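K.L.:
Spelled out from the first residue to the last, the chains are:
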Amino acid sequence: MPLLEVNDLQVEFRTHDAAVRAVNGVNFTLEEGETLGIVGESGSGKSQSVLAMLGLLASNGRASGRAMYRGENLIGMTNRAMNRIRGNRLSMIFQDPMSSLNPYLTIERQMTEVLELHKNVTRREAKRRAISLLEAVRIPEAAHRIGQYPHELSGGMRQRVMIAMALLCEPEVLFADEPTTALDVTVQAQILQLLRNLQHDFGTSIVLITHDLGVVAGLCEKVMVMYGGRVMEQCDANTLFAQPSHPYTVGLLRALPRLDHDGGELTGIPGNPPNMAHPPAGCPFHERCADASDECAVDAPALKAIGPGWLRACHRPVHLIKKEASHV
Amino acid sequence: MSDATILSVRDMRVHFQVKPKNRLPWAARRTLKAVDGVSFDLKAGETLGVVGESGCGKSTLSRAILNLIPATSGDIVWMGARLSGASTREWHRVRGDVQMIFQDPLASLDPRMTIGQIIAEPLVEHRPGMNTREVEERVRAMMAKVGLREQMINRYPHEFSGGQCQRIGIARALIVEPKLVICDEPVSALDVSIQAQIVNLLKSLQKEMKLALIFIAHDLAVVRHISDRVMVMYLGRVMELAEKHALYDTPRHPYTRALLSAVPVPDPAVERAKTVQILSGDIPSPIDPPSGCVFHTRCPMADARCAREVPVLRALGESSSAACLYAMAPA
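So the protein sequences, as listed, match chains A and B. The UniProt record's numbering applies: residue 1 is where the first sequence begins, and numbers increase by one. The UniProt record's numbering applies: residue 1 is where the second sequence begins, and numbers increase by one.
By construction, these hints were calculated from the structure, which means they are not laboratory data. Please read these numbers as outputs of a predicted model, since none were measured by experiment. Wrong hints could be hidden among the right ones.
[To be verified] Lysine to any residue pairs mimicking SDA-like chemistry, simulated, CA-CA at most 25 Å apart: (1) B/Lys210 / A/Glu108; (2) A/Lys119 / A/Gly155; (3) B/Lys33 / B/Leu83; (4) B/Lys244 / A/Arg258; (5) B/Lys19 / A/Gly155; (6) B/Lys274 / A/Arg196; (7) B/Lys207 / A/Gly282; (8) B/Lys203 / A/Glu265; (9) A/Lys304 / A/Thr106; (10) B/Lys207 / A/Gly271; (11) A/Lys119 / A/Glu108; (12) B/Lys274 / B/Lys210.
[To be verified] Output of the computed footprint for chain A on chain B, the stretches with three or more beta carbons under 8 Å from beta carbons of chain A: (13) 214 to 224; (14) 266 to 277.
For each residue, glycine too, the CB sits at the ideal point set by N, CA and C.
Model the full assembly from the supplied sequences, consistent with the hints where possible.
P.N.:
This is the structure we're talking about:
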């Protein structure tokens, strides 16, 4: 049985203008020790899907569908039940470590709090564990650093503290929302290395939200590509990069400047991402899609399997897309 | 005149006096060396990429070139004229030829001005004799060039997406037909699909208008795509300055090698096979930079000599130069 099984997850926000459907039918399964990458541009719904699973949506947001974790549905779970799981069995790393750490509390207090709540240990024992985790994420002089406040640490260091904090209770699933986006590349490399090692040592499953396909290539086994609140393509990482089957995935890969070769002209995807308050009818990508037909403007394609563990939502047959994808 | 040097920067330093924390009158003043001895030349129509991590001084450098932040010392020669000690009027003239594009597309546009006003402003400032009809014509022509519909002329910045705002920023910079445009992280706030649109737009306008670009970014892949030459900065100093191909294919400086190996490549086979050279620790503070070579505290090749001697940027073969005691010229 998979560790996490998500079925038809929907997220809707009530706003002054209209109801905004931010996530529209996300499905995936996550096995133990597996890493899933969720890729998409701003507004694609990648963060909201994860926040919904952890009961962290803004007050005007409402989630529906099923996210089964060990026989319990995370969607619509009571706060009381969620509080037992969140930060304990399922934990999260946010993008901006400065605004997600409490500036008034020392690192020690923020970390021991988690353990006292979930593991019912003494403050002394909690501190001992906190220091050993700070050491595990390679914070130098951890015993000294633990007495400092977030503002005394550099960006990379704060992100390490966040990771250490998320791992305090040895969670089964770690949700990481753009964990390295705010960091410089050399620091990013340190953090990614750290996540790889932690996964190896603790066997944690990771759901990694990112817009950086390079990070996905290095860390993830499975990938889900989202656009306009819907899943466009879902498969294992090797397949996605070697033979992308959805026009959006193809477009994304072609728009990416490469470090390893010049590759001539970049091909941008024309147009702008959809306004989710007034989403286009049919496939959310059809207005920017080179392969779109009349059907795409009316009817949103369903996510269908085209191979084992390989799903795509597109009306156009794969072989017609592939011709263009071959020179990506 | 494609080979002519239009801009020379010589030994530029930008230092800031930092107030000590306790503010006692006898406390020693400390100096933050944001840019510390940077020299380079730029030819007409050329693109120089400037890369480095946060705090390396790349943005301060770009502002010092335009005197938006005054340089502490050093020379800037623009079209043969020395600008050190130039009057406000002379700087004003230079800024008609050197324009800037900023990182945050929305924050760099005045929310109370329509985009027509925003794009026309540099023209009104730098071509005071031009009549209103011609200004309008040029604004409309420029909007078409950067891919903005003419009907948008009376709208306000908040009505546009990030990519469109960056198009407005580009139109504003190019309306006075500058010779050089300094782009400070122009695409780093944009999504990949939009980023490619903007990079392509910049490239085609550069060709059409024969612009020189100084392209500042932290994304080494974007810089590779757009630049002719690339300058790598660390803690206010130039580590390596090389032709694009030389820099990416045979990086000479250990910092450049570390930077390049840290960038994730969107190809699982490559990405999983490569050995990332992880730099230990964080970038040191520019207030008390390390002695000798500023990179020696994190450098895998450093020895005792690196802590003593400041390496100068020296030519290594025809297309590279690096500031490292142990960097080797191609065999």
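K.L.:
Hint by hint, note whether the structure agrees.
P.N.:
Tested hints:
1. B/Lys210 / A/Glu108: Between lysine 210 of chain B and glutamate 108 of chain A the Cα gap is close to 57 Å, so the pair fails against 25 Å, i.e. violated.
2. A/Lys119 / A/Gly155: Not satisfied, since the Cα-Cα distance of roughly 29 Å exceeds 25 Å.
3. B/Lys33 / B/Leu83: holds (21 Å)
4. B/Lys244 / A/Arg258: holds (13 Å)
5. B/Lys19 / A/Gly155: Roughly 23 Å separates the two Cα atoms, so the pair holds.
6. B/Lys274 / A/Arg196: This hinted pair holds, its Cα atoms lying about 14 Å apart.
7. B/Lys207 / A/Gly282: Given pair lysine 207 of chain B, glycine 282 of chain A is violated - Cα atoms ~39 Å apart, limit 25 Å.
8. B/Lys203 / A/Glu265: holds (10 Å)
9. A/Lys304 / A/Thr106: violated (49 Å)
10. B/Lys207 / A/Gly271: Cα-Cα ~23 Å, so holds.
11. A/Lys119 / A/Glu108: Holds - the C-alpha atoms of glutamate 108 of chain A and lysine 119 of chain A are around 16 Å apart, at most 25 Å.
12. B/Lys274 / B/Lys210: Judged against 25 Å, a Cα distance of about 39 Å means the pair is violated.
13. 214 to 224: Per the Cβ count (6), the hint holds.
14. 266 to 277: Coverage by chain A holds for the stretch 266 to 277 of chain B (8 residues, Cβ < 8 Å).
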